[in-house]
Amino acid sequence: MSALQIPARPTAPFERLRWAIADSLTVTRRNLAHIRQVPEKLLDVTIQPVIFVLLFAYVFGSAIQVPGGGSYREFLLPGIFAQSITFLAITTAVGVANDMQKGIIDRFRSLPMARSAVLVGRTVADLTQSVLGLLVMSACGLVVGWRAHNGVLDTLAGFGVLLLFGFAMTWLGTFIGMSVRTPETANTIGFVVLFPVTFIANTFVPTQGMPTFLRLMAEWNPLSATVAACRQLFGNPGMAYTGDAWPLQHPVEASVGYSLILLAIFIPLSVLRYRTATTR
Amino acid sequence: MRMGDLAVEAEGLQKRYGQTHALRGVDLTVKSGTICGLLGPNGAGKTTMVRILTTLLTPDGGQARVAGYDVVREAEQVRYRIGLAGQQAAVDELLTGRANLEMVGRLYHLSGRAARQRAEELLERFDLVEAAGRIAKGYSGGMRRRLDLAASLVAAPPVLFLDEPTTGLDPRSRLGMWEIIRELVAGGTTVLLTTQYLEEADRLADRIVVIDTGQVIAAGTADELKTTVGGEQIDVVVRDPARLADATTALRRAGGEEPQVDAETRRLTISVTGGVAALTGVLRELDAAGIEADDLALRRPTLDEVFLRLTGHVPDQIAEGAREEEPALAGVR
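Which chain is which? The protein sequence lines are A and B, in order. The opening position of the first sequence corresponds to residue 1 in full-length UniProt numbering, with each subsequent residue numbered one higher. The opening position of the second sequence corresponds to residue 1 in full-length UniProt numbering, with each subsequent residue numbered one higher.
For reference, chain B alone in the conformation it holds in the complex (with noise of 0.2 Å):
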């Protein structure tokens, strides 16, 4: 085994398709048994670069190595050491769930009996063993993806890729992957895993990459990611309006920034260093004028506002599932 510290590295990567650079010269490294969330929105580069790193698709220019070997040059062996699962489940709908995990094992030459045997410990441990019988075609959304990260699993490869794993998925689904994707990882699976869900990424990942337009725009981890774009901020609720223009004149006193004003829900903002000093300093200016509040919070950008800061634009909302598959094509927009 020739993986050392890490589990993915990737350089210059490039990948064009006509006109389109979907890729153009991605970095990226992923230090083994840690999970990568790599976060972009629709079209980003993210499936293209997930398809160079398992071998499916060729670049057009830099290089890559994954559990230490060439994506390009020692394909083969790169196959023997990941699996991939994504938003597309890569199953056969016309095979059971058990011979869906049957013919994979056997496509690693694995004896009739070890196939069946592997094949049976992944039911289990996906809650499939009801399902095991009936053909893949009739399995709900979540069913499907279990059997797609299953037969990704059959070969307990060290290198995971999860191209959009919960994407479509309902709420309970998508935790119950989040649960399944933390307990490989525990095992010491290193796993790089594709998202469009900012909350996604911001729970699951130990570093993550934003990619758009085919480049890495910025790469840390969470938290990291949170400060570099800006620090905190305090909300203000004003209770009656006619006070307003007091209230900003008290935020400006006490934070010297030019506080952002929302008439329509009487909301201030400002941004602050220092936290929860902060936070007193501008309770003591708004007691001083008298101001009431409904309402005060000192908070931290979410991801969403980390992404549109760096994007330039929101993100996708999907979050209700509505959009079940994007086109394999990524990197047209």
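If we strip away everything but chain A, and leave its shape as in the complex, we get (with noise of 0.2 Å):
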């Protein structure tokens, strides 16, 4: 054997912090890493939201009435970002059950390795996946006529807030996935959860129109000050009528606002778990 010198670890909080985000940095490559095994585990992110722009697009489209007028497509696109984004719970939390019915799991916590990396590796390479799914979807939405009419600091911004929303997705399917045995379960429980969420909104269809129940659930549903955010951002049609709800009114603090309460609640409940847990 050469001579094998393994580094100390260091005791210095920000070295240490250092050491943490490259054990994230070498799980999130182990994730990705997974992608080129298994390439089908992009269909959630690409083919899948495709399917959803076309059916909505040519389905319901003639049948919709956009608030305020506009194309209906060009309303659509922000609700299909995202509805997908709002999915990625879902592959996240399966990845995660994934993870924890597997041996790696031992190994990863009998390393001297930062707690944290293997839920934040998989999350950061979650999100990495659906910003492939997003440009799909853009290049989708620009062929049926879809446009960002703001400029590119506005467009990047509404990626911004996407991207926020997603990354508190990934926690919350993290949690959904540590609290899981398998997962078959967290793609169901994920899916019972979310389809919902992403209907009752104002995703395919302007809330205005609902039942006062629905309505006001649609308003003050995080996922809707998302959409609505890029809506603003991108200058699509359906803001002529934004409710009573707050969220709705300022759209873009209050996505950025939503994502930051869910990630202030799941990533610590994640942690936690995670270190309780064992294989079984």
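These aren't lab readings, by the way, just hints derived from the structure by calculation. Everything numeric in this text was worked out from a predicted model, so none of it was measured. Possibly wrong hints are sitting among the right ones.
For each label pair, taking beta carbons as the anchor points, the in silico distance ranges come out as [unchecked claim]:
#: 1; chain 1: A; residue 1: R115; chain 2: B; residue 2: Q19; range: 44 to 54 Å
#: 2; chain 1: B; residue 1: Q19; chain 2: A; residue 2: T188; range: 27 to 37 Å
#: 3; chain 1: B; residue 1: D5; chain 2: A; residue 2: I261; range: 51 to 61 Å
#: 4; chain 1: A; residue 1: L32; chain 2: B; residue 2: R172; range: 29 to 39 Å
#: 5; chain 1: A; residue 1: T128; chain 2: B; residue 2: G133; range: 20 to 30 Å
#: 6; chain 1: B; residue 1: G18; chain 2: A; residue 2: G160; range: 22 to 32 Å
#: 7; chain 1: A; residue 1: Q37; chain 2: B; residue 2: D5; range: 26 to 36 Å
#: 8; chain 1: B; residue 1: V129; chain 2: A; residue 2: E15; range: 32 to 42 Å
Covered stretches of chain B, going by a simulated chain A footprint (3 or more residues, C-beta under 8 Å) [unchecked claim]:
#: 9; segment: 54-66
#: 10; segment: 92-98
#: 11; segment: 103-113
Beta carbons are placed, not taken as given, at the ideal position from N, Cα and C, and that holds for glycine.
Combine the two chains into a complex, taking the hints into account.
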């Protein structure tokens, strides 16, 4: 054996943080390497949203009136972006549940690495994957007639709001994944919880026609704030009606706020679960 | 380095899962540079023991030091000094063999170059060079275990925990694994291995600790265990079934004890002390009575018998390798 020098773990807080980030990146690389082996994992973030774009644009598009006028397809795309970003939680939940079932988690837990790296690496990898999904959907949107009208900065800000919300969703997914026993359950729970959330919102239809109870839920739904923020930043139609709900009147602030609150709740909860969890 | 004479010292370890006591006060010491075999049936608490000593589980009671550091209070120091490989191979199935080892190297904060170099060394050492570029999912059971072991050795830890390292392996892979373990110990590594194969403990371990239902029920070298349980036996297979009764009388005269008789196989068994002298005595008595024997043997008890005597049940017959995985939750029956 050649001279093997294992660096000692630093004690200074800043250095430790640097090491924790390095550990997270190592795990991120590992998760992204999985995609090369199982490319069908990308179907969730690519083909599925494209199908939704086409279905809604052509099937429902003719029947739905956008408040204040404007193209339904331009109204639709921010909704599709946000829905697909929300479903990121399911991808992460399944990934985490999978990891926790596999022996590799014992390897990670027996190594002197940052405890948080396994979860951070998972969420960062999933978020990276969703960037690809956003690119595919944007291209598809451009083909069906969607445009961002407010210049580069606002457009980037729109995607930034989406990705921040996506990051919050990956941590919600992490919590779900840590709380169930199998990837199948993670998938089911994620879907049952999130599917209605993406419909009881301003994603596909204007909220103003909904029964009062549903309308209130829709208008206060964090997803609606994110959709509205995108519509505002991209200059897409549908912002003529904002109702009485504060989040829809200040969608960017509301979306960012919701995302930060979700992160503040689910990061600590997930890390706590991870610390106490064993593979069984 | 604080590791003195003892690589592992556990005192009164307890662990409960709900109503089940997986460990009820286990003491265990392993001298540096030796192999300790933790032997016990399924659910005896072996895996729980390993998981506590490798910082994966927190004990409910008692304490343990590994390589001189407390497994609860100084877990990170412990993690720097241990390797863990087990029946549930802790490798990433979707990464190549090489990528698995490089990832572990990076998690020890080796530079990219050092991690690659270390991975190559280990791939070569464990005969995985050819498979290095393929993902671990397609590996055979033996290859997967070797990769798992290689991953646990990336930092060349002084203390190695092997949880049923050969369960489910074919006989050839098992012999290969034994060879590797012996080489590691020859190089100064301390090994704690759990097994339900008595032969494995017998052949590998310097010292054997037998646990059952979460308690240590015996400890010592294989020879010591065999001696505590009972001395030697003489087996006689009588040629003529009609002379079984006469043979019984002859053996009683020679040994003083009541022989066990198995009429179907014409086998008589008697416990003796004194080894070869006792054998001569039996021969003389049989000869005097004019009884012909097909077979006559002096034998020491096998560890199987030791095990049966100690635990009251026959060790699990899993040698066929039929069972790949056991529930990670030990202690449940």
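Verification of the supplied hints:
1. A:R115 - B:Q19: 44 to 54 Å: 30 Å, violated
2. B:Q19 - A:T188: 27 to 37 Å: 30 Å, holds
3. B:D5 - A:I261: 51 to 61 Å: 55 Å, holds
4. A:L32 - B:R172: 29 to 39 Å: 37 Å, holds
5. A:T128 - B:G133: 20 to 30 Å: 24 Å, holds
6. B:G18 - A:G160: 22 to 32 Å: Once the Cβ atoms are compared, 47 Å apart, the range 22 to 32 Å for G160 of chain A and G18 of chain B is violated.
7. A:Q37 - B:D5: 26 to 36 Å: At roughly 46 Å between Cβ atoms, D5 of chain B and Q37 of chain A fall outside 26 to 36 Å, so the hint is violated.
8. B:V129 - A:E15: 32 to 42 Å: At roughly 36 Å between Cβ atoms, E15 of chain A and V129 of chain B fall inside 32 to 42 Å, so the hint holds.
9. 54-66: holds (count 4)
10. 92-98: Since 4 is at least three, the answer is holds.
11. 103-113: Holds, because 7 residues of the segment 103-113 of chain B bring their Cβ atoms closer than 8 Å to Cβ atoms of chain A.
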